[in-house]
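Between the sequences and the hints, there should be enough to build the whole structure, so can you do that?
Number of protein chains: 2
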Amino acid sequence: MVGAPLDSPDLLYASGFRAVDPVVLLDRGGARTLVVAPMEYSRAVRECPRVNVVDTKLLGLSRRQRARLSSWALRLLRRERVACVHVAGAFPLGVARRLERAGVRVRIVDGALYPERLVKRAEELRAIAESQQAAVIAMRGAVRMIAASSIGQDGVLRFEGKPLTAEDVRRAIDRVLLEQDCVGRDLIVACGEHAADPHAVGEGPLVAGRPIVIDVFPQHRRHGYWGDLTRTVVRGRASPELRRMYQAVRAAQAAALAVLRPGVKGAAVHAAAARALESRGFRTGAEDGRGVGFIHGTGHGVGLAIHEGPTLGPSSDTRLRAGHVVTVEPGLYYPRLGGIRIEDTVVVTPQGWRILAPCEKRFELY
Amino acid sequence: MVGAPLDSPDLLYASGFRAVDPVVLLDRGGARTLVVAPMEYSRAVRECPRVNVVDTKLLGLSRRQRARLSSWALRLLRRERVACVHVAGAFPLGVARRLERAGVRVRIVDGALYPERLVKRAEELRAIAESQQAAVIAMRGAVRMIAASSIGQDGVLRFEGKPLTAEDVRRAIDRVLLEQDCVGRDLIVACGEHAADPHAVGEGPLVAGRPIVIDVFPQHRRHGYWGDLTRTVVRGRASPELRRMYQAVRAAQAAALAVLRPGVKGAAVHAAAARALESRGFRTGAEDGRGVGFIHGTGHGVGLAIHEGPTLGPSSDTRLRAGHVVTVEPGLYYPRLGGIRIEDTVVVTPQGWRILAPCEKRFELY
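Residue numbers (this note's numbering), protein chains in the order written: chain A, 311 to 676; chain B, 311 to 676.
Keep in mind that the hints were calculated from the coordinates and are not lab data. The structure displayed is predicted, hence computed values, not measured ones. One or more hints might be untrue.
Copies of one chain are not kept apart here, so a pair can be met inside one copy or by any two copies together.
Straight line, CA to CA, 25 Å or less: simulated SDA-like cross-link-like pairs of lysine to any residue [unchecked claim]:
#1 Lys-367 - Val-511
#2 Lys-575 - Ser-589
#3 Lys-367 - Thr-594
#4 Lys-575 - Leu-336
#5 Lys-575 - Arg-376
#6 Lys-367 - His-606
#7 Lys-671 - Arg-373
#8 Lys-472 - Val-511
#9 Lys-472 - Val-486
#10 Lys-472 - Asp-331
#11 Lys-367 - Ala-596
#12 Lys-472 - Gly-546
#13 Lys-575 - Ala-377
#14 Lys-367 - Pro-624
#15 Lys-472 - Glu-588
#16 Lys-671 - Gly-340
#17 Lys-367 - Arg-600
Structure, rendered in structure tokens:
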């Protein structure tokens, strides 16, 4: 592996080294050697007790060689007499070509480098639950803020004498996450039109009577594990149509959870959610060339990456196992009405599943 | 290019799309086509007015093909009748192999994909200055906090009735950055032993009489540009030795800035800083197998990446150009004394350089 551990879940998993700068890691059946820059050496030794740490000076690289990661990798492989490496598809092409020119065979692993990474150990579950709990605390603050807002004559929410914007709520969430030693990136607080686009982060004034999607996914700064939580609220009363839509999404989440257990394929969980929405009359398809309805998968794995396996989508063949951590997040999106999504993160248990950090569900806030 | 724009400065630069999820971008002499997932389509069209946006459905990919980025790339290249692509060394090997199997030639660019990215336009300089100003505001708060602390009998700093820790100061910095719509990652507040390791983020109680290195590097959430600023302070009085060390580092920064101008090689700037330290008797070398003295380069470029070209290191051949933005950050590190580093971020101008956001330098706080 070659890269910055903080940007590569596999590297972070294998090394335990929370570094922003690039490293090289060789894993020979569990015996791991980590190459770092000389000035990272003492920190790496301290942070990675189960890994053999060397620096580029110890490897005998010249100053010029030390500037090229491919030289780090090549020297390490020579020293360890390795003639063939198995790498992930994301391995940098430049390093691969350099190794190949030097006679090293570079094979791409079929599937994940550490498939065991998806099955979480107890300490990993605690870490994800910690991030998820931070998301819950932040969500409660956000919902309280919206609930405490007043409704102006134009329908715009007002808080502490000013219009309440998506940015205000996002900043409040960020502040709470920080207190919990977590950090969020592009959290979603999306109202009305924006909420109809599941990836729009949202902006501008929030208005009464329209769904506000709040999607909070913090990464913990200490251990790097993520959490993921979404709630949708309406300030004031929702129309009967919106209420039906919300109930359908809740029912879809319940339907997905009802079938979620070890041995079940991700696709089956998604199908259960999709059926629940369809049977309540909520169609998925295209409208004016734009996807509407249930336009994303039901869930994804969460761990050192915010999006990892297993996925719960229409073509997810992977069978769930105890220890998998997945989001369950059905949603409905119609430009005219906005979007509604409800998401919890659960761990698959031998009997079924367990929510990692419970958070109440309120829709209408009045 | 293949990857998540927010994790790839080149992709962010070329697309303007601030997305966490992966995309594919083809640049044909400036005419850029961006491939995104269907649910990112409307957002991408909105955020990238100068780029031709398509989604994987528009490209006619099947559901299964849509799950593989190499299929996105391949279909785009077929549609555009491209037989040869030039990519960065970091391009994913898996995608490259797939393209090659399909008959596309994949060449690695010698050097940067967008060398022009290092020469900043006026709007980019404003963006970096904005992040740098956030760092200045946060730095002032951190220094004020340490200056306002009292010194306990054990030498540990106390603030609001409790020991003042590196974590406390870091959290205060994070909070200020957030108010400025910036976010920091692994900011450094390192005292004593920790400060002797230039990359240790620091932890535990801060103590009087020992240097505290504060390194703040925020990324702005709106535009993605970074800033980078370091100050070193001592609460109380510093020993004469530490004072000499601080003055040497200040002199080294001044010496580096004295030679910094267009046409000068990065190595020459580094040499000026190194000479200033050596001439004041501060040696660089090994002590108990550990590097001591001036053990890192004098600076690096800053932009959409926190570390980019040009570098100001011992083997930096690149000649500086007006519009380059670099840090100038000499430092000295001795386990017995701790570390001292002073860093400002400057833009190279036709006449020399300009500090992007000035910040006063105080060493002893008493």
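The hints, checked one at a time:
no.: 1; hint: Lys-367 - Val-511; result: between (45 Å within a copy, 23 Å between copies)
no.: 2; hint: Lys-575 - Ser-589; result: within (21 Å within a copy, 69 Å between copies)
no.: 3; hint: Lys-367 - Thr-594; result: between (59 Å within a copy, 15 Å between copies)
no.: 4; hint: Lys-575 - Leu-336; result: neither (33 Å within a copy, 36 Å between copies)
no.: 5; hint: Lys-575 - Arg-376; result: between (46 Å within a copy, 19 Å between copies)
no.: 6; hint: Lys-367 - His-606; result: between (49 Å within a copy, 13 Å between copies)
no.: 7; hint: Lys-671 - Arg-373; result: neither (58 Å within a copy, 33 Å between copies)
no.: 8; hint: Lys-472 - Val-511; result: within (21 Å within a copy, 39 Å between copies)
no.: 9; hint: Lys-472 - Val-486; result: both (21 Å within a copy, 22 Å between copies)
no.: 10; hint: Lys-472 - Asp-331; result: neither (43 Å within a copy, 34 Å between copies)
no.: 11; hint: Lys-367 - Ala-596; result: between (59 Å within a copy, 11 Å between copies)
no.: 12; hint: Lys-472 - Gly-546; result: within (18 Å within a copy, 44 Å between copies)
no.: 13; hint: Lys-575 - Ala-377; result: between (46 Å within a copy, 17 Å between copies)
no.: 14; hint: Lys-367 - Pro-624; result: between (50 Å within a copy, 15 Å between copies)
no.: 15; hint: Lys-472 - Glu-588; result: neither (41 Å within a copy, 58 Å between copies)
no.: 16; hint: Lys-671 - Gly-340; result: neither (44 Å within a copy, 48 Å between copies)
no.: 17; hint: Lys-367 - Arg-600; result: between (56 Å within a copy, 11 Å between copies)
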